Amino acid sequence: LLGFTALLVALTSLALFSPNLLGDPDNFTPANPLVTPPHIKPEWYFLFAYAILRSIPNKLGGVLALLASILVLMVVPILHTSKQRSLTFRPLTQFLFWTLVADVAILTWIGGMPVEHPFIIIGQVASFLYFFLFLVLSPFAGWLENKVLEWH
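Mapped onto mature numbering (1 follows the signal peptide of the UniProt record, and there is no 0), the consecutive letters of the sequence shown carry residue numbers -23 to -1, 1 to 129.
Do not take every clue at face value.
[Unchecked claim] Derived CB-CB ranges, DEER-like:
hint : residue 1 : residue 2 : range
1    : L(-2)     : F72       : 13 to 23 Å
2    : W120      : N9        : 51 to 61 Å
3    : V53       : L126      : 13 to 23 Å
4    : L(-13)    : F23       : 13 to 23 Å
5    : F23       : L112      : 13 to 23 Å
6    : N9        : N35       : 22 to 32 Å
7    : N123      : W75       : 39 to 49 Å
8    : K60       : A8        : 51 to 61 Å
9    : V53       : P19       : 21 to 31 Å
10   : V52       : G89       : 26 to 36 Å
11   : W120      : A79       : 16 to 26 Å
If you're looking for bench data, these hints aren't it; they were derived computationally from the structure.
All values derive from a computational prediction rather than experimental measurement.
Beta carbons are placed, not taken as given, at the ideal position from N, Cα and C, and that holds for glycine.
Please construct the entire structure, taking both the sequences and the accompanying hints into account.
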């Protein structure tokens, strides 16, 4: 309770007394209404989805991939095939979880980078891995762990 109160006071005072402290300095340059500035990007918590959006060259495909990147989180309980709920005794699923954490971190980093040669390929591979982890590897790992449990 004390830690929560201290954090709440610190964040509230930061937001009220110096709101521009954590802002992007590029936002203070004079704007040209005819050209979209190249530094436009979403907040950090949407950068992974923005990287997935940019990884597909087609605009409609990118928007659909952006929506799918959020909606795939709703499918996770349906695709959970393991009989165990905890990750404590499931090393394969632990590895997949940490792979997902690293993949989302890479996607977040790529979302803030310019659209140039190495970042485009990295974003496409990381986007493919994001969906592959959720839709293929996670259900397969649960199925495989169930088979291992039947053997013992």
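Hint check:
1. One distance hint, 13 to 23 Å for the beta-carbon pair L(-2) and F72, is violated here, with the actual separation near 34 Å.
2. About 55 Å separates the C-beta atoms of W120 and N9, a value consistent with the hinted range of 51 to 61 Å.
3. Taking the beta carbon of each, V53 and L126 are about 21 Å apart, inside 13 to 23 Å as hinted.
4. Here the CB-CB span from L(-13) to F23 is close to 20 Å, well matched to the stated 13 to 23 Å.
5. Taken as a hint, the range 13 to 23 Å holds for the pair F23 and L112, whose Cβ atoms sit roughly 21 Å apart.
6. Distance hint check for N9 and N35: the Cβ-Cβ separation is about 28 Å, which falls inside the suggested range of 22 to 32 Å.
7. For N123 and W75, the hinted distance range of 39 to 49 Å is not satisfied, since their beta carbons lie about 21 Å from each other.
8. Restraint check, K60 to A8: a C-beta distance of roughly 57 Å satisfies the suggested window 51 to 61 Å.
9. For the pair V53 and P19, the beta carbons lie near 23 Å from each other, so the given range of 21 to 31 Å is met.
10. Checked against the given bound of 26 to 36 Å, the beta carbons of V52 and G89, roughly 27 Å apart, stay inside it.
11. Taking 16 to 26 Å as the suggested C-beta distance range, the pair W120 and A79 conforms, at roughly 23 Å.
Comparing the model with each earlier hint shows violations of hints 1 and 7; every other hint is respected.
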